[in-house]
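Hey, can you work out the whole structure from these sequences and the hints?
Chains as they are written, first to last, in my numbering: chain A, 16 to 235; chain B, 1498 to 1766; chain C, 31 to 271.
Quick caveat, the hints were computed from the structure, so don't treat them as lab data.
Be aware that a few hints might be false.
Said to hold, decoys possible - As a list, the in silico BS3-like pairs of lysine-lysine whose alpha-carbon atoms are at most 27 Å apart:
1) A:Lys113 with A:Lys149
2) C:Lys265 with A:Lys208
3) C:Lys265 with A:Lys228
4) C:Lys39 with A:Lys41
5) A:Lys178 with B:Lys1520
Unchecked claim - Chain A side only, calculated, beta carbon under 10 Å to chain B, not exhaustive:
6) Glu151
7) Glu157
8) Leu204
Don't be surprised by glycine CBs; every beta carbon is placed ideally from N, CA and C.
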Amino acid sequence: MERRIVVPGELIIEDETCLPGELTEKRDGKIYSLIFGLAEEQNNLIKVIPLSGAYSPRRGNVVLGKVENLLSSGWLIDIGTPDSAFLSVAEVPRYVNKDALDEVLDIGDIVIAKIWSISKRGIDLSLKSRGLGKVEEGMIFEVNANKVPRIIGKEGSMIKIIKDNTGCNITVGQNGMILIEGEKIEDELYAKKAILHVCDKSYMPGLTDEITKWFNENKK
Amino acid sequence: MNKIRTTPEPTAERMKKYLLEGKRFDGRGLEEYRDLIIEKNVSVKAEGSVKVTLGKTQVVAGVKMSVVEPYGDSPTKGNLMVTAELSPLSSRRFEAGPPRFNAIELGRVTDRGLRESGFIDFDKLCIKEGEKVWNIFVDIYSLNDDGNLMDAATIAAIAALKIAKIPEYDEKTDKINYEKLTDKNIPLTDHVPIAVSVHKLGKSLIVDPTREEEDVSEARVTIGSSNGTISSLQKSNSAGIPIEEMKKIFEISTKISKEIFEKLKKSIK
Amino acid sequence: MKIKNKMTKKFERFDKRGLTELRDTEAKVGVIPNADGSAMFRSGKTIAIAAVYGPRKMHPQHQQNPKTGQLRVDYNMLSFSVSERIRPGKNRRAKEIGEVTKWALEPVLMLEKYPNQVVDVFIDILQADAGTRVAGINAASMALAHAGIPMKGLITSISVGKLDKTLVVDLTKEEEDFHEGEGPTDIPISMTQDGKITHMQLDGKISVKQLQDAVDMATEACKKVYQIQVDALKKTVEEKE
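Quick look at the structure:
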């Protein structure tokens, strides 16, 4: 089945052997979409890839967030989910003086963190890994979380093209928050433009070729 | 509320640093406006209405008129009432409900800018001295907030007033026929008070900020001027502005006001 | 104004449309960049813009539902959308239409994945020439899909009316105000693609048989409007090519 754009309630395929994947529904041997997105088939499994929509947090996700509040044993971090996530002092890989939490992370600071647990109580973050911690400087902006897989690409292929062509260090949070660090602000803006272009064309097949072409056409 | 969406500190630092080099993220100069588009008659039910698009910022403004008794202390003058609504449509930061401070400020600053400048010839709005005058309502709504709603609102109000036509009024029956507009314009003068807001970001002064830039603005000075003559001024937000910078702001605002006026004239020809 | 043509003595609509003919209809998706989803729907001279924000945390807290997300609709007519200015701010009619719109859309939304959250829909009417709630529902439906909200399908809305004794589709204000003979009857209806009615209202006088016919007419008309909604949604992706 060829990939194509579908709207909610649209009939994707009429095939008894197909299985309804995420965001689809099977009724009387027919598979319908439940969102506006890109319908595709993989080994008889029909899925719809969303083009928009909220961020669904998962364990292991690396995200960027903003410190909202200081509690007695940690920080409340806004990562774009309806409830703020919690970062415990125990999950920070350095000594933290419980009376001076703000010396480590203060309200308004941006952090790169990993989701290590999602429970009824909420989302728990950790900074205990390489590359995690407070963001001191860089260009930060936000895209829709559903575009992140395209920005990273299969096995990181897309983000690698962008990094190579701009010379920037890029951290893509699964929640759609992105950090770019380059030598010059121009390089960072260039990388941001490339990423926004990927978002614009996210539904296209052969996107890595398209971006490589875009870089060739836009060389400064 | 989602606070993550205000401009993060690291980005703000980058922005201010770039501004010191005379550059902005979208490639504009510090004293450059985004593309300005004015669409006429977005609502045929209004006596005059426009949609103003400034980059991605969108506002609409409409003029409605009615016949009322003049105020006791000005028996020959018509009335003006300007309201502004920050529609919750236009930003995740706005909520439905009664206008909050930003909307009230937007309305009042726009109102003062129009009222004090002599733009509208209120005497010519008199129908019968002491008894009947025209009352003008200008209602402004934001549709998408990507910064600088303040200036977009004034441009929209002025453009709507300029293209508005007075509806048919039967003095004998005291009835207005809104379905029939005469070809008479609202009596306006040459004092067109285009408002240009100047924002202070660190040590730099910019005009027409995007939402991302406006989040980083420490102080804003909105000046309504016409051909170099200032008729209204409002400073907002808390940072103090050194006197030398303030003087520079007067110059920047009035200079750009003339440029915007030219653009406006062209758009509503 | 009479609806019978003086020459032919036959029934004729003011704008000479056929009985089942829609007004000039236009739909565009993605008109408000800040919104999670947005759309404009125009039917003749009636223009509605809808913007969706959400799902997001429901405030005030006491309105939160721990079992499922909720839909909240805010409907607003711009002061200059009608001949006689409407004072800006909430009024009863707007509140009622907001609720009715919510009931029209709710049945197809799948919000169980979003406990304690709300999907906010804001509808602004720019220009009103009858059928404003219908235009609002059509715009909101597209905006919800555009925002990535899981839905069983789109909701399509249309108004059917009776002018004296004749049933017509998609009334203008002139037709709504027509008072001769049996007077006007205005029936806004919203339905899913597979013919489930999620919203219906009636004002006027009509027999059971005619009302049944009206529902059939609405169903046919909705098929045309549905196609316009689908095309507008898909165009957002294709236009970028």
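Does Lys113 (chain A) pair with Lys149 (chain A) here, judged by a C-alpha cut-off of 27 Å? Roughly 18 Å separates the two Cα atoms, so the pair holds.
With 10 Å as the cut and Cβ atoms as the points, is Leu204 (chain A) at the interface with chain B? Status holds, d = 6 Å.
Could you grab the alpha-carbon distance between Lys265 (chain C) and Lys208 (chain A) and see if it respects the 27 Å cut-off? holds, 23 Å
Hint validation: Glu151 (chain A) versus chain B, beta carbon distance must be below 10 Å. Holds or violated? Glu151 (chain A) check passes; min Cβ-Cβ to chain B is 7 Å, inside 10 Å.
Chain B contact restraint for Glu157 (chain A) - C-beta distance below 10 Å: holds, 7 Å
Given the hinted pair Lys39 (chain C) and Lys41 (chain A), is their alpha-carbon gap at most 27 Å? violated, 54 Å
Decide if the proposed pair is consistent with the structure: Lys265 (chain C) and Lys228 (chain A), CA atoms, cutoff 27 Å inclusive. Within the cut-off at roughly 24 Å; holds.
Check whether the Cα positions of Lys178 (chain A) and Lys1520 (chain B) lie no farther apart than 27 Å. holds, 23 Å
Hint compliance for this structure: hint 4 is the single one not met.
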